[in-house]
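2 protein chains.
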Amino acid sequence: MTNTLVTLENRPSGAVKVSDFGLKTEKVRELKNGEFLVNIEALSMDPAIRGWMNPGTTYIKGVELGTVMRSFSAGKVIDSKNDSFKVGVYVEGLLGAQTHAITDGTGIRIINVENSKLTHHLGVLGMPGMTAYFGLLRRGEPKPGEVIYVSAASGVVGSTVGQIAKIKGCTVIGSAGSEAKCKYLIDECGFDHAINYKTEDLDAKLKEYAPDGVHIFYDNVGGDTLNTALANLAQGARVVICGAISQYNDMGNIQGPANYMKIVTARGYMTGIIVFDFIKEWPAATKEIAGWIAEGKIHVKEDVVHGLENYTETLMMLFTGKNFGKLILTV
Amino acid sequence: MTNTLVTLENRPSGAVKVSDFGLKTEKVRELKNGEFLVNIEALSMDPAIRGWMNPGTTYIKGVELGTVMRSFSAGKVIDSKNDSFKVGVYVEGLLGAQTHAITDGTGIRIINVENSKLTHHLGVLGMPGMTAYFGLLRRGEPKPGEVIYVSAASGVVGSTVGQIAKIKGCTVIGSAGSEAKCKYLIDECGFDHAINYKTEDLDAKLKEYAPDGVHIFYDNVGGDTLNTALANLAQGARVVICGAISQYNDMGNIQGPANYMKIVTARGYMTGIIVFDFIKEWPAATKEIAGWIAEGKIHVKEDVVHGLENYTETLMMLFTGKNFGKLILTV
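One line per chain: the protein sequences are U and W, in this order.
For the first sequence, my numbering begins at 682 and goes up steadily by one.
For the second sequence, my numbering begins at 682 and goes up steadily by one.
Just so you know, not all the hints are guaranteed correct.
Which copy? The list can't say, so a pair holds if one copy fits it or any two copies do.
Straight-line Cα separation of at most 27 Å, DSSO-like style, residue types lysine-lysine; simulated pairs [stated by the list, open to error]: (1) K742 with K888; (2) K757 with K705; (3) K886 with K742; (4) K767 with K968; (5) K824 with K757.
Calculated directly from the structure, the hints in this document are not laboratory data.
These numbers were taken from a predicted model, which means no experiment stands behind them.
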């Protein structure tokens, strides 16, 4: 049996290039006791991947050059010497960007694909959904009647944040980069307001939609978006930093928020979300979100590309805003 | 009787200029019922004054052009039609940059000058001391054994923060702009480490003095200092923004902290201190600080200049780091 894997060959200093990755094949080795083999069906394409290509000074080590790219992947156990993960079950976790993964099960969770799609466990029921859930509820602490603004709102994190905030009784504003995405936020996700940051004046629109300011800003973008949001905070505002996709391709030259003193005058605070800190609570959270999906309160949109050979091009879609919905690469 | 007053004549866009202020005289009018007249003896020269010269989009309105400059001032009641403020008592509050102030007592507090110096009520027992006290204790929440770094440490806020942190059992690092100020921090204020930011590498020194990172960063400076501190946060760190003296002369071009994402990976937060939010608790806090001064646990240093005609030059000392200790202008 042959494994095909995407390897990290170069650490880019700016935008990701095709030459930063390699595509290799190798023979799948024998299982040791306690291990099992996963036939991977789908990969989650996340902004976090860009950070994993760096040497690793943040919350998690960078990927070693020449080794398989780190990836949240999902698939079926097809061989096993581990009684907790029997042949036939479906699993999700850091299984790598490859067709076949051998693991001892550390950090791997069994997923239920009878009542939910396998790919949902990479998105709204996986790391991005958990990031939205815990970032909003534990860090943002929404209260009914408050106004929340979420950037990159049509992505899986942003759309989940906004929809959970609606469930919690908030007024929800989202920004995205196209008319289609804005229409999706209003029509399908039930947002109150959508701002096309490419054609509309973000500052003016925030002042229009949130005249008393924004109580929670959930940021996936950074740069000018963060700075403009800081100028529109309500008293007691919480700024939850999840990501900074506008800055990831030039990490040596990050734009700091000049309006950071607005946090002081708003009597607010800025904090962040590291989703792994809540990993013990993921099962309960996925169950709650699955319930909301079943009730039609959370709408899920996926953007699916096929083939490991398209790994780089698919990853680049995230940084140019070309994806529309949770980006998945099927194997 | 004649009042001499400093008026705001121009809103500077950069550094403060002598022509931004006027010096006028006027006849002191008759008191109305409920009012009293204060013969002002000393003015507090604070970095906040620079913000009050702007049109006012922050926590407090800007000073109107042509009117007396806002100022925390202290003096003696010499005439009164208010039973709560009798002739002979000493008071402190926003009495303006002038020799004689008429007030109805709103926001004015009676101070005890028998056991403490009048000028202390403008510094360590006044707004700056309260800013240090509540910013550190309520926002920074120091715990014994933690490491705190305070910038502009030889100023009244910084030196008070550091000395209270020592009382609370923390390891204290301070930065200042001269050898004399650093020596003062160690020898007189009991700081554990002092960094001369003009001659030493702040990042290298923070890594040396706080190898596991800084638990509390109390910032009075902004700019590169804030950015470097963010790169040296311990897990669970609190960043308390008090001021940004390095940025006040060019508010239209503030340097945002590029390392703001370090707050996320440190699982920390950034917040601020608005001292007026704690005004009801000031009496208890001043009493506690006065006790620490009496016990020799808090050392106070003042830099006194005489004469309202020196108002601008004295204010400018704050922004060039020329003052050494709490800057006071006596009348």
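My question is about K742 and K888: at a cut-off of 27 Å on alpha-carbon distance, are they close within one copy, between copies, both, or neither? Between copies only: 20 Å across, 40 Å inside.
Within, between, both or neither: how does the pair K824, K757 come out at a Cα-Cα threshold of 27 Å? neither (40 Å within a copy, 49 Å between copies)
Between copies, within a copy, both or neither: which fits K757 and K705 at Cα up to 27 Å? within (22 Å within a copy, 84 Å between copies)
One pair to classify: K767 and K968, alpha carbons no more than 27 Å apart. Within, between, both, or neither? within (22 Å within a copy, 68 Å between copies)
Within a copy, between copies, both or neither: which one fits K886 and K742 at a CA-CA cutoff of 27 Å? For K886 and K742, the Cα distance is within 27 Å only across copies (25 Å; inside one copy 39 Å).
The structure fails to meet hint 5 from the earlier list, while all remaining hints are met.
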